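Chain by chain, the residues:
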Amino acid sequence: MEVREIMFAAFALVIIVFSVLTVTSRRILRAAVSLLFVLIATAGLYFLLNYQFLAAVQLTLYAGGIVVLIIFSILLTSQISQKFEPIEWKKALFSALAAIAGAIVVITTILQHTFAADTAAAMEVNMHVIGKSLLGTGADGYVLPFEVISVLLVAAMIGAIVIAKKGSPFKEEEKNK
Amino acid sequence: MNILSCLVIIPLLTITGILLVKDARQARVVSAIGMGIQLITAFIIVFMYLSERKAGNTDQMLLMSSYEWFRSLNIYYTVGVDGISVAMIALTSIVVSAGVFASWEMEDLKKEFFISLMLLATGVFGFFISLDLFTMFLFYELAVIPMYILIGIWGSGPKEYAAMKLTLMLMGGSALLMIGLFGIYFNSAPDGGELTFNIIEISKITIPIQAQRWFFPLTFVGFGVLGALFPLHTWSPDGHSSAPTAVSMLHAGVLMKLGGYGCFRVAMFLMPEAANEMAWIFIILTTISVVYGAFGAIVQKDLKYINAYSSVSHCGLVLFAILMMNRTAMTGAVIQMVSHGLMTALFFALIGMIYGRTHTRIISEMGGLMKVIPFLGVAYVIAGLASLGLPGLSGFVAEMNIFFGSFEHPDTFHRVATIIAITSIVITAVYILRVIAILLLGPVRDPHYSEFNDARWYEKLSILALLTGIVYIGMIPSGLSGIIRDSIMPIVEKLM
Amino acid sequence: MNSGIPLEYYLIVATIMFFIGVYGFLTRRNLITILMSTELILNSVNINFLAFNRFLFPGKLDGHFFGLFVIAVAASEAAVAIAIIINIYRRFTSINVENVNELKY
Amino acid sequence: MADFGYTVWILIVPFVTFIVLGLFGMKLKARISGLTGTLGLAIVTVLSYATAFRYFLGAGLADGIYQKIIAFNSTWLTLTDRLHIDMGVLLDPISVMMLVVISTVSFMVHIYSLGYMKGEKGFERYYSFLSLFTFSMMGLVVATNIFQMYIFWELVGISSYLLIGFYYSRPSAVAASKKAFIVTRFADMGFLIGILILSFTTKTFDFVTLTDLNGPAITSTGGAVFLGMSVMTWSMILIFVGGAGKSAMFPLHIWLPDAMEGPTPVSALIHAATMVVAGVYLVARMFPVYYFAAPEALQIIAWVGAFSSLFAAVIATTQTDIKRVLAYSTISQIGYMIFSLGVSGYGGPEGLGFMASNWHLFNHAMFKALLFLGAGSVIHAVHSNYMTEMGGLRKHLPITNITFLIACLTIAGLFPLSGFFSKDEILTAAFHHDKVLFAIEYLVAGLTAFYMFRLYFSIFHGHDRQYDHTPHESPATMTVPLIILAIGSVFSGLLPFNRLVTSDGAPFESHIEWSVAGPSLIIALTGIAIAWVMYRKENTLPDRLASTFKHSYKWAYNKFYIDELYLFITKKIIFRRISQPVAWFDRHIVDGTMNGIAWVTQTVSNRIKGLQSGQLQQYGFVFVTGAVALVLFFIYLIK
Amino acid sequence: MSLDNFLMMRHELVLTLAFLIILVAEVFTGEKKKEKFRGFAVVLFAVVTAIGMLPAPEGTLFGGMYQAGRTTTLMKNILNIGTLIVLIQSFTWLGRPENRDRIHEYFMLLISTLLGMYFMISAGHFLMFYIGIELATIPLAALAAFERYKNRSAEAGIKLILSSSLSSGILLYGLSMIYGTVGSLYFADIAARPSTAALTILGFIFFFSGMGFKMSLVPFHLWTADVYEGAPVSIAAYLSVISKGAAAFIFIIILYNVFPVIIDTWQKVIWVIAVMTITIGNLFALRQKNMKRFLAFSSIAQAGFFLLGFIGGSKLGMTTVIYYALIYIFTNLAAFGIVSIIAEKTGKESMDDYDGLYRTNPKLSLTMMLAMFSLAGIPPVAGFFGKFFLFAAAAEKGFYVLVAIAVLNTIVALYYYLLVVKAMFINKSENPITYFKSDFMSKLGLAICIAGIVVTGFASGLFEMIRNLSYGI
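One line per chain: the protein sequences are A, B, C, D and E, in this order.
Its first residue numbered 1, the first sequence is counted upward by one per residue in the working numbering.
Its first residue numbered 1, the second sequence is counted upward by one per residue in the working numbering.
Its first residue numbered 1, the third sequence is counted upward by one per residue in the working numbering.
Its first residue numbered 1, the fourth sequence is counted upward by one per residue in the working numbering.
Its first residue numbered 1, the fifth sequence is counted upward by one per residue in the working numbering.
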């Protein structure tokens with residue numbers, strides 16, 4: 001077994017185990033931490049695939065940003081020590097059935113498919129290439145989505161603010177129905 | 001501009017006029033004037049038609065004109081008339097005018113009432129002049145929908161239920177019809193070329209028989225619902241009994257004719273092969289309609305119900321005759337449409353007027369009305385006699401054409417059906433005379449009746465307009481019959 | 001370069017993760033944990049994209065950039081979602097999804 | 001051939017009178033409208049007589065045969081390519097004879113009514129309806145084709161309806177008129193179907209063509225056989241059903257006695273002299289077709305006629321309402337005529353029955369109208385219809401008494417009154433045809449004499465009853481018609497019918513056959529004698545007889561319960577077993593299906609509301625399973 | 001970039017500019033002037049709409065990442081008109097004291113979602129499409145939760161955003177499979193490299209589910225009613241017409257231009273989904289009493305009708321979808337407009353409250369009736385023409401059974417639309433909504449809608465124009 005394979009197996013194992021923990025853990029902070037592990041393991045997979053840049057982004061933005069955001073909100077809204085009540089078995093059963101059935105169907109389909117690889121030479125993925133592509137305006141250039149995503153981020157920010165903003169001239173209680 | 005389009009425009013202008021006047025009482029005057037002009041226009045059209053024919057114009061449709069509408073789908077606003085449409089137009093204009101006068105004393109929301117009525121008229125007139133299936137369908141639905149409002153607001157009894165049922169069943173019919181129309185349209189150019197909605201164009205080609213087998217029954221049933229085809233007639237008793245007077249008049253008098261008219265103008269004319277193949281199914285149904293409606297009418301207690309069932313029977317006869325597919329029977333069908341239109345409108349007008357005085361429509365609660373309101377009584381008797389097919393009144397002419405035409409059919413099945421249908425004339429006599437006996441004759445039932453006024457001027461106007469038509473057709477039928485016989489020829493030839 | 005591990009393995013891992021996320025979405029009561037489940041789902045998709053990109057179409061960077069943008073979108077989505085969740089917490093004094101059902105039928 | 005175009009006016013005049021009186025009668029004075037009607041009829045009568053004289057005295061004759069003359073004809077409505085309805089005037093011996101009969105009786109009735117109906121509300125309506133009737137009846141008899149006949153047939157029916165129901169605030173009159181119309185309408189349906197079949201086979205409505213010996217009707221093989229008889233026979237039987245309905249033959253006779261609810265002059269005109277013989281006229285009109293193409297039908301006709309005459313005569317002996325007695329007597333006499341046609345042959349002396357039938361029709365019109373008008377005069381005087389409330393009126397009503405007596409003698413068939421001649425010819429024809437039928441008719445002749453004199457003695461003899469006021473003789477407007485008609489019934493037996501009205505238009509010789517006439521005269525006298533014994537003076541004999549034959553009497557008195565049978569069929573079967581179930585079926589099954597569809601939709605809608613539970617996770621569940629199911633379905637189940 | 005390129009992207013650029021103007025304006029407007037800003041924003045948007053109408057070149061930009069053509073321009077213009085009406089209608093609501101401090105944000109969020117839709121429509125690459133769809137959704141969730149003080153608004157927001165993230169997850173998964181089997185995410189490439197492999201179809205179906213979510217097709221529709229009911233009326237309206245319309249537009253473009261190869265499959269899928277959508281939508285709408293919820297279910301059923309235009313895969317189909325969308329915008333906005341006005345003035349949203357409305361507010365009732373008739377497809381209003389042509393498009397390719405199911409469903413639909421008419425015109429009420437005067441903006445909004453409802457049907461020129469512009473990009 002090569003190192004790569006061992007690493008892959010390790011990352012895969014981490015991903016699956018902690019994914020399961022994320023969705024089953026009855027303590028919310030543990031779930032969040034499990035998610036963190038999943039995200040980190042995913043970044044590991046990206047490394048394996050030789051996408052270092054993206055792995056870095058994954059670590060900083062996802063593991064760093066989103067998870068922190070989530071943890072903050074957990075702190076704001078939940079009591080950390082509190083354990084969730086166990087899930088109603090019916091709900092769990094049916095959801096599990098649906099998920100498993102879905103997984104089986106999809107995996108079967110994937111395994112039946114013979115993937116045809118492109119003959120084109122592999123592209124070196126370094127910062128130079130990424131930067132050029134990201135700001136490229138021609139074919140395979142991603143400047144437009146890059147611009148648009150900035151609008152999205154601004155809009156999301158505004159949206160979050162609008163909701164979180166405290167109304168000044170108006171008494172909250174009066175309209176609370 | 002084509003004079004036929006006036007028939008659509010005048011009611012619309014009348015609506016505008018009604019909207020403009022301030023006083024609700026003026027609304028009725030405006031509508032009366034509008035419909036007066038409409039009546040005159042209709043008769044001008046009749047004369048124009050006749051003079052064109054006399055001048056030797058042998059085209060199937062006269063006074064035609066066509067405006068492009070939806071170019072890419074080849075939809076045109078095409079109008080034109082033949083003898084049959086002319087007859088229906090004349091009928092409609094008479095009934096609508098009579099309806100306006102019959103609703104002279106409408107109490108609530110007068111303006112709205114007349115607007116809806118005019119809208120209904122627009123739809124009906126539009127339907128009869130249309131030669132393009134699309135516009136025809138448009139006007140068809142346009143005619144149906146104001147019924148909901150009219151019955152719902154100004155009706156009586158379980159009006160909401162009745163209005164809803166009527167609207168849904170009729171629109172259900174038109175839903176089937178729509179599929180049928182698509183079937184026709186998309187098969188209208190079997191050898192390539194441009195698809196068309198134009199009836200005349202389609203009649204020149206042969207729609208593939210497999211398609212016909214599907215779309216003929218859809219189209220026929222679609223129109224048949226409006227023509228009270230058994231077992232899809234049940235909207236009729238409830239709808240008619242709840243509707244206000246003028247609406248019952250228009251609906252039974254004219255709207256139900258849309259069904260019969262459509263059945264042969266569209267279903268049979270355009271898909272003759274399937275019509276020949278499948279006629280037997282519908283003949284059975286219509287024969288049932290004819291007898292069943294008549295029997296149903298015998299035991300009814302409500303005047304309007306009696307008339308509604310009677311309409312089922314009579315309209316069943318229309319469809320029955322159409323399905324016989326020969327010239328005489330189909331001529332009879334058209335005459336029956338006109339005749340039934342007039343007399344049933346008259347019936348409903350009279351019932352409305354009687355109801356206005358006695359405030360009941362249950363026949364057993366009335367009696368001896370002939371003494372107190374002789375004008376209405378006599379008119380009712382005449383309408384009744386027309387309905388039971390007395391010679392000299394319109395019903396007879398129609399029925400004889402139908403029976404003799406149907407019996408001409410070489411097939412025994414058709415003749416047996418004819419004989420079964422004939423029995424309806426006795427049953428009709430039974431229920432008509434039963435009503436007359438209970439309602440009009442006998443001793444005056446209630447001393448309060450002496451306070452009743454006989455018909456007012458506007459009521460008389462309404463009644464006389466309809467009576468004139470009934471008597472005219474009954475006495476001198478050859479004019480109408482001749483026009484229709486000529487015009488029915490292309491259709492019959494196609495069916496042969 | 002990737003000789004050892006077949007593409008399918010990546011895909012299977014991703015798919016399993018995807019459906020675990022789905023399972024979480026369907027069963028978790030806490031709104032925040034539901035949000036976390038969706039993050040799992042998005043992550044699994046990213047693995048797919050990158051694996052395909054690397055194994056099959058290494059000549060371009062379609063999958064790579066898609067993954068990048070998905071991360072960004074996920075972030076903004078999370079931001080708005082969390083803002084709403086906090087508002088929910090204010091309004092309902094609970095972020096149990098089963099309680100958030102004033103609107104139904 | 002002579003121009004008879006003016007005969008159209010026979011139709012137009014009464015029609016115009018009808019319209020004028022119908023539309024404007026309300027505004028006229030009662031007297032004026034009565035006179036208008038009478039004047040109109042006077043014109044018709046003059047025209048009819050003129051036509052008759054011209055026709056019989058040569059204008060109608062060609063090659064020694066009375067021709068069928070189409071005086072006027074025009075197409076009214078085209079039905080099919082070959083069938084068209086014409087309106088016209090056909091003159092031949094029987095139609096001309098009918099013109100005379102109708103105009104005479106109608107004119108008499110018009111005059112009579114001036115007195116009888118005086119002061120009635122709706123006087124102008126009455127005259128308007130009378131005109132309508134006259135118009136329709138005239139149209140019927142001069143019809144050039146069977147369809148025109150049918151049209152006027154219906155019109156006669158409606159005028160009868162209107163006149164029976166003249167006193168429309170009286171429930172019994174309303175019921176009677178309704179019954180009359182519906183029963184005849186039912187029969188007319190048979191007539192119509194008969195016409196349908198006939199015209200389908202022969203492609204014509206025209207009488208001239210139909211009765212042409214080489215025409216399609218007679219030469220046709222009769223078409224397909226149905227239930228053992230040819231289609232032609234069936235059509236002729238159905239046509240006869242129409243005739244039987246109008247002529248009140250058993251079992252369609254039930255309307256006629258009830259029809260006596262109408263004013264008495266109307267009974268005289270419509271229900272005695274003219275309309276009810278339309279059936280006879282119809283068979284006579286179609287006689288060649290019957291004889292050659294449908295002999296089975298003719299046989300049926302003979303039996304129906306014979307049976308009806310006996311049946312009605314028996315009932316007549318028990319009734320106490322004088323108008324009803326006359327009504328049953330009418331049925332009986334029409335039965336005679338129908339029967340006579342049934343036993344007749346065609347051509348020359350063979351057609352004796354045909355001639356006799358028409359002759360009897362003519363005579364009957366005179367004396368029966370006279371009887372009814374006389375009865376009217378009596379009723380006018382005592383204000384009652386029941387003979388039990390009458391007696392000894394001969395002192396009070398001398399003219400009525402005498403004319404009534406003449407009529408009774410005539411109907412009994414005493415020599416040399418007219419009834420004797422025609423009845424004798426009928427019996428002779430029957431004698432040559434069928435002995436059983438002949439015997440029946442003999443019996444009927446006796447019964448007729450008996451019940452007529454029972455009636456006569458009960459009214460005019462015996463002693464006075466308690467009258468509200470002393471009965472007095474009717475005014476001249478009423479008695480003059482009585483006298484005229486009495487003269488008519490005495491002398492019409494002298495008319496040479498065998499020269500004028502024959503089956504093929506050719507005159508033939510006939511003479512009284514005393515071997516038949518003698519016994520019949522004796523039987524009639526016997527009948528009169530029995531009546532003398534029983535009713536001349538008040539005694540207990542009738543009651544004792546009635547109690548001796550209790551059951552038979554009860555059955556006859558109750559008209560053999562035919563009315564009840566009809567009531568059962570209409571009320572129990574048509575109403576209860578057909579109409580009500582149909583109405584129920586319509587409301588609950590057919591309509592119920594429609595409502596059911598709506599109900600199902602609503603219910604489903606209510607049941608599935610749980611799908612929209614408000615639970616986000618459930619939405620997700622549906623979402624995911626939906627997507628997975630689609631994948632499964634479209635990738636693995638259908639490729 | 002040349003001027004032509006700018007012109008090609010003018011919709012997006014102008015809109016971005018508007019977005020920036022509002023952003024800057026927010027900084028510089030004082031508390032008191034905020035209210036007046038509403039008018040400015042509406043006018044600004046009207047200008048944007050007008051600029052969109054200008055003729056412009058066609059073509060692709062950014063190496064095929066962005067494409068603009070006659071069809072997309074037309075679609076964007078239609079969306080512009082609809083959005084303008086929504087903005088006009090939300091005018092009064094924005095004037096409420098509790099909303100005053102967030103007027104700018106409202107406009108910005110709305111404009112950003114519209115921008116997302118533009119990019120979605122003009123996408124030439126699935127990445128652009130994805131970002132567009134997210135940009136069109138995420139701010140909408142914020143808008144749905146806009147009424148901070150209402151539980152229901154918050155609930156609507158969370159339901160929208162979480163459902164949408166699930167759906168976009170599934171959509172993305174589908175896209176990844178398409179990417180894996182085809183090898184590119186450029187539309188042009190995918191169309192050029194046909195693949196009918198099972199995995200492609202799986203990818204397509206997952207993608208379809210995501211689109212189904214946006215268009216609220218059954219079984220992906222369950223969020224719809226809850227969100228419509230909870231969200232502010234103008235947002236519900238926006239969701240039901242603009243968002244749905246945009247989704248329909250891009251969906252039909254993708255179906256026709258990207259997946260023509262697997263047309264057999266997607267026709268079957270659409271057949272099934274259309275039947276389910278129409279039927280379920282109708283069955284639920286049948287029993288609704290809350291007007292917003294009622295309109296939500298009705299809009300689900302309407303989405304099913306849209307699919308009838310999709311299924312043929314023909315030029316007629318695309319034409320009718322666009323045409324119907326235009327009609328639907330006017331119609332549904334009229335209905336929502338009235339609901340919003342009444343809710344604004346009286347706070348009543350239940351159908352029972354509408355009893356006897358005609359007697360007190362005849363004009364509103366008539367408008368509502370027109371809208372209902374148009375939704376039900378009753379002539380002579382536009383809905384009739386739209387439905388007729390939609391059905392014709394399906395019938396053209398022989399889907400008669402589908403058309404039959406659809407038309408029978410229109411009867412059920414007619415029933416519940418008539419219920420509204422019945423409430424307003426026929427029912428009598430003890431305490432009807434009293435007479436009130438609407439302000440200018442409400443009237444303006446309704447007037448535009450009425451004009452649209454009445455004219456769009458008859459104006460065959462419009463239909464022909466759309467037909468000439470449709471098909472392709």
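Derived by calculation from the structure, the hints in this document are not laboratory data.
Remember, predicted model here, so these are calculated numbers, not experimental data.
Take the hints with a grain of salt, since some may be wrong.
Said to hold, decoys possible - Using 35 Å as the maximum straight-line C-alpha spacing, the simulated DSBU-like pairs for lysine-lysine come out as follows:
1) A:K132 / C:K60
2) D:K554 / D:K395
3) D:K571 / D:K554
4) E:K150 / E:K397
5) E:K36 / E:K150
6) D:K572 / D:K550
7) B:K22 / B:K460
8) E:K289 / A:K91
9) E:K348 / E:K289
10) E:K268 / A:K91
11) D:K609 / E:K268
12) E:K397 / B:K22
13) E:K268 / E:K363
14) B:K494 / E:K268
15) E:K34 / A:K165
16) B:K460 / D:K395
17) E:K428 / A:K165
18) C:K104 / E:K397
19) D:K571 / D:K537
20) E:K397 / E:K36
21) A:K90 / E:K33
22) B:K460 / D:K27
Open item on the list: Please verify whether K268 (chain E) and K91 (chain A) have alpha carbons no more than 35 Å apart.
Closed with: 32 Å, holds
Open item on the list: So if I understand the rule, the pair passes when the alpha-carbon distance is 35 Å or less; does K268 (chain E) with K363 (chain E) pass?
Closed with: The given pair, whose Cα atoms are some 44 Å apart, is violated under the 35 Å limit.
TODO: Mind checking the alpha carbons of K571 (chain D) and K554 (chain D) for me, to see if they're no more than 35 Å apart?
DONE: 24 Å, holds
Task: 35 Å Cα cutoff - pair K460 (chain B), K27 (chain D) - done: Given pair K460 (chain B), K27 (chain D) holds - Cα atoms ~17 Å apart, limit 35 Å.
- [ ] Compare the distance between the alpha carbons of K572 (chain D) and K550 (chain D) with 35 Å, and conclude whether the hinted pair is satisfied.
- [x] Satisfied, since the Cα-Cα distance of roughly 29 Å is no more than 35 Å.
TODO: Would you check the hint for K397 (chain E) and K36 (chain E), treating anything up to 35 Å between C-alpha atoms as holding?
DONE: Violated - the C-alpha atoms of K36 (chain E) and K397 (chain E) are around 53 Å apart, more than 35 Å.
Task: Hinted pair K22 (chain B) and K460 (chain B), Cα distance within 35 Å - done: Within the cut-off at roughly 28 Å; holds.
Task: 35 Å limit on alpha-carbon distance, applied to hinted pair K36 (chain E) and K150 (chain E) - done: 25 Å, holds
TODO: For the pair we were handed, K104 (chain C) and K397 (chain E), check the Cα-Cα distance against 35 Å.
DONE: 39 Å, violated
Task: Proposed proximity, K60 (chain C) with K132 (chain A) (alpha carbon, max 35 Å) - done: It holds: about 13 Å lies between the C-alpha atoms, which stays within 35 Å.
Open item on the list: Just to be careful, I want the Cα atoms of K397 (chain E) and K22 (chain B) compared with a cutoff of 35 Å; is the pair within it?
Closed with: Not OK: K397 (chain E) and K22 (chain B) at ~52 Å, beyond 35 Å, violated.
Open item on the list: Given the hinted pair K460 (chain B) and K395 (chain D), is their Cα-Cα distance within 35 Å?
Closed with: Violated: K460 (chain B) and K395 (chain D) sit about 55 Å apart, past 35 Å.
Hints 4, 12, 13, 14, 16, 17, 18, 19, 20 and 21 from the earlier list are contradicted by this structure; the remaining hints agree with it.
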